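Visitor: Chain by chain, the residues:
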Amino acid sequence: MQNKKLKWKSDFEKSVIIENFVNRGWIKSQEKEEEQTDWNVYWATVWNVRNIFNPKNGFRLNDQQIINHFPNHYELTRKDCMVKNLKRFKREQDKEVLEIFNFDFLPTTYIFPGEYSLFVEEFHRNPNQTWIVKPAARSQGKGIFLLRKIQQLKKISGTTVTSNMTQLNLASKENYVVSRYIDNPLLIGGKKFDLRMYVLVTNYKPLKVWIYNKGFGRFCNEQYTTDVAEIENMFVHLTNVAIQQYSDKYSQKHGGKYSIDALKLYVESAYGTDALNKMMDDIHNIMLTSLKSVQAVIQNDKHCFEMYGYDILLDSNLKPWLIEINASPSLTTTTPVDKNLKMNLINDVYNIVLPNDDFPDNDQKQQQPTKVGGFTLLYDENLDPNNRKTQKRQSVKIWK
Amino acid sequence: MQQLDNQEILMKLKSQKQFWDIKKKIKQGFNDQQKIGVNDIQKFAQSCEIEDQLIKLISHILKKSKKRETLKEDQIEFLNTSKIKWTELLFKNLDIVHQKTKNQEEDDTNTDSKLYIYDEKNLLAFLQTFKQQQSNTLYQNVQFQSNKILNINIPLKSSQSILDKYQYLLLQEELSDEKINKIRKQIENEHLDIELEKIAQTFVPNGERCLLYLKYFEFDHQDTVLQQHFAKLQKECLNQLFYDELLEIDGHEISEDTFYFVFQEQILTCLKCFIRDRTIKENIRIQLQSGIKKEHAEFQLPITGFFPFKNISKYVAPLCYLSTKIHIIYALFKEFFCRYFCFLHSISSESNSILSLCMQIEEIVSTRSPKLFHHLKIIGCDTLKLIIHQLVYCFIGDMDPPHILTIYDQIIGHDSLEILVILCVGFLNKYKSKLLLAKNQENVQQIFSELREDRFQELVQYAYKQ
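Quick mapping for you: the protein sequence lines, in order, are chains E and P. Counting from 1, one number per residue, gives the positions in the first sequence under full-length UniProt numbering. Counting from 1, one number per residue, gives the positions in the second sequence under full-length UniProt numbering.
Looking at chain E on its own, in the form it has when it is part of the complex:
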């Protein structure tokens, strides 16, 4: 029974968090802003987590405290760090005899300003290629644009950019990532969409990963086209709800969100069961490979867990591509269905990290079932690590 009066704190005034905590009978921490100690459960912003783990602050979490981010989560969730870590991991894996991981899910990507010259070479090799430019550390589609001419980079450099330049000076200090634009996305009803899926990591060393069975496709409101005249039409190309909500065609009722279950039914019915299974296998590979790529660099901490929002794009061959990984996936609810999903999601997160409101020790964590609410265990490194492929197949079965 969940009846322990744990103290909770939240940096987000989100009903799905607060209602979940209240429903469990937990009490809101009454600590003052400057104090950091009087809580058991903290749903924090990434910045506050960084402060808490900053050694200069001299703050140490006790055994009865749990927080929702790892100290240096950005290694996975900043776009430039994610790319850097994946490329590094791939170089390491290329030296291995056994090919366990498949890296063919990251579109060709360059980090600006450092890799600008490499990008220019590639750009000239494929002059008809469209690229997508994104600030490394922003969210909700902010600052993103599609690129077909080098001169467009004036948007981020602040000065004229010509094709013979080998260096790019950025107007702001932030990095950018520039990726090959997937211009053949899978369309349903003629519209582009991407997938938002949730993954919970309760430990990095050893790695323990849970995948949630509910998620959704986020649809654009305009019919997809590769027409150059529509390249700046964000309602055609960018699936972020934060952008699509401003479209005239945006619906408050469904919010452009199409359930993963419905998508799976569509893929299976229209393309076949084998095609669906392969697609899901490939998605699981993306999740595991990306997490493995940062396993060595993430500061593991028993007080931490993290619920990631994976953004995945399917192309017209049903191949999934990794777009980005979010450390703080939106918990805003746009529709009743959305609220139901996120309420259950947070509830299930805490059923895993605090079963029966207890802080489980290592033995108790090992004895956890492989399915808790909507979460299914995707990977547990404590089990034979060489059986990763067997685990993947099992998890697809469990997922279905």
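Hints listed in this document are in silico derivations from the structure and should not be mistaken for laboratory results. Quantities reported herein were computed from a predicted structural model and do not represent experimental measurements. Quick reminder that beta carbons are idealized off the backbone N, C-alpha and C, glycines included. One should not assume that every hint holds.
Examples of chain E residues lying across from chain P (beta carbon under 7 Å, computed) [unchecked claim]:
{"no.": "1", "residue": "Asn48"}
{"no.": "2", "residue": "Pro55"}
{"no.": "3", "residue": "Arg180"}
{"no.": "4", "residue": "Asn184"}
{"no.": "5", "residue": "Ile188"}
{"no.": "6", "residue": "Tyr258"}
{"no.": "7", "residue": "Ala262"}
{"no.": "8", "residue": "Leu265"}
{"no.": "9", "residue": "Tyr266"}
{"no.": "10", "residue": "Ser269"}
DSS-like, lysine-lysine: derived pairs with alpha carbons at most 27 Å apart [said to hold, decoys possible]:
{"no.": "11", "chain 1": "P", "residue 1": "Lys325", "chain 2": "E", "residue 2": "Lys278"}
{"no.": "12", "chain 1": "E", "residue 1": "Lys264", "chain 2": "P", "residue 2": "Lys185"}
{"no.": "13", "chain 1": "P", "residue 1": "Lys182", "chain 2": "E", "residue 2": "Lys278"}
{"no.": "14", "chain 1": "E", "residue 1": "Lys365", "chain 2": "E", "residue 2": "Lys302"}
{"no.": "15", "chain 1": "E", "residue 1": "Lys249", "chain 2": "P", "residue 2": "Lys100"}
{"no.": "16", "chain 1": "P", "residue 1": "Lys179", "chain 2": "E", "residue 2": "Lys278"}
{"no.": "17", "chain 1": "E", "residue 1": "Lys339", "chain 2": "P", "residue 2": "Lys179"}
{"no.": "18", "chain 1": "P", "residue 1": "Lys325", "chain 2": "E", "residue 2": "Lys319"}
{"no.": "19", "chain 1": "P", "residue 1": "Lys179", "chain 2": "E", "residue 2": "Lys371"}
Position chain P against the provided structure of chain E, taking the given hints into account.
Guide: Just chain P now, kept in the frame of chain E:
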């Protein structure tokens, strides 16, 4: 009905793969025997069930050779005259709708959303008028039961026979992977409609559903033909019809549905093609309107022979899951409508008609749940008024797509809409305890406005609970 002679039957047999499989089996059975008599073949065929297979194959060919005839006249004359009245009413509604659209064009602030020719409530209200005519001389011997909305003297199957027919669904268990793979192979290899029906009654894997439907409707080698037909209809859509506007308005509701909004454009395209499709009139199993020509009317019936109605979009929507090709979705929708859904909008005594299905539901609920039946009557919510939307639209919008597709499977499986009777009864039983506490219509609306999840198997279970 066109009869085939033996030569024609043989020609058709030779076009079927099973015929050659059977022939091969017989040859293998006799190895290299030189002289084989007819009696030898007959004995061999009987001993290894080849005779049964051949009989099925021949019946299948004979069945398919029958030209599908559209039911125009009902055996009950009263219903024929009612159909004419219904058509007249719809023409009047059409005039009203046309006027409303004109007014809306002139005045943007007037956003009257009732821009449809009829909906399920109008249809039920019209069927109810039959009861008032019970006391006329045509049906002197009918026992007038005042507690039911509909009690017309039409041939009706016993409700027990319907309950017995679908009782096997209670025993359905989750199938093992091995069994599912077996069913997959069966669907790939099977062509006979009675065998496909058997599969559809049991379990259809998602990945093979489209193939099963295409085979059942004999579309599996017709891709080019279907594509060409659809392309031709799409060209005709360039000429705007008044009904296009009504279809666009109808599409708004489906465009708000979380499961179907992604298919909004496809649904509209299919419907616009549908109302221009000349082949529907000869393929539809039952004539919906009486086809009266109004000499000086601005609008006539569409070429299909019936008016589009509210929520027609719903029938297309679940089929959008089955294929990426719009001409396939269209072909499936057209076939489902012409064979089955047309009956939900027909004034008829046929067993699949809305009238028969409604009477079956009333009969079952009034006898097996009399308390609920009478309570609803007392608070002004007749059983049929409560369930008519789910019945007419096959629970689309009430159940998630996988359950709707299971309903479609059962419709094919039994070549009948009677599964809807079972589900409607189950639906009422599921909410019985809450309904019994309801004191008025507002309470009832409150029950159904809450977020709910109705599932196929669950409603079947409830249908058999008393």
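Visitor: With a cut-off of 7 Å, does the beta carbon of E/Tyr258 approach a beta carbon of chain P closely enough for the hint to hold?
Guide: holds, 6 Å
Visitor: Hint validation: E/Ala262 versus chain P, beta carbon distance must be below 7 Å. Holds or violated?
Guide: holds, 5 Å
Visitor: Was the hint right that E/Ile188 lines chain P, CB cutoff 7 Å?
Guide: Result: holds, 5 Å to nearest chain P Cβ.
Visitor: Take the shortest C-beta to C-beta distance between E/Asn184 and chain P; is it under 7 Å?
Guide: Since chain P brings no Cβ nearer than about 14 Å to E/Asn184, farther than 7 Å, the hint is violated.
Visitor: Tell me if E/Arg180 is really an interface residue toward chain P, meaning its C-beta lies closer than 7 Å to one of theirs.
Guide: violated, 25 Å
Visitor: Does the CB of E/Asn48 sit less than 7 Å away from some CB of chain P?
Guide: violated, 34 Å
Visitor: Is P/Lys325 close enough to E/Lys278, meaning Cα to Cα at most 27 Å?
Guide: Measuring from Cα to Cα gives roughly 22 Å; hence the hint holds.
Visitor: For a C-alpha distance cap of 27 Å, please report whether E/Lys249 and P/Lys100 respect it.
Guide: Roughly 24 Å between the alpha carbons, so the hint for E/Lys249 and P/Lys100 holds.
Visitor: Check the hint pairing P/Lys325 with E/Lys319 against an upper bound of 27 Å on the C-alpha distance.
Guide: holds, 20 Å
Visitor: Quickly compare the C-alpha distance for P/Lys182 and E/Lys278 to 27 Å and report which way the hint goes.
Guide: Distance ~21 Å between P/Lys182 and E/Lys278 Cα, so the pair holds.
Visitor: Are the Cα positions of P/Lys179 and E/Lys371 separated by 27 Å at most?
Guide: holds, 25 Å
Visitor: Does P/Lys179 pair with E/Lys278 here, judged by a C-alpha cut-off of 27 Å?
Guide: With a Cα-Cα distance of about 21 Å, the restraint between P/Lys179 and E/Lys278 holds, given a limit of 27 Å.
Of the hints listed earlier, those the structure fails to meet are numbers 1, 2, 3, 4, 17, in rising order.
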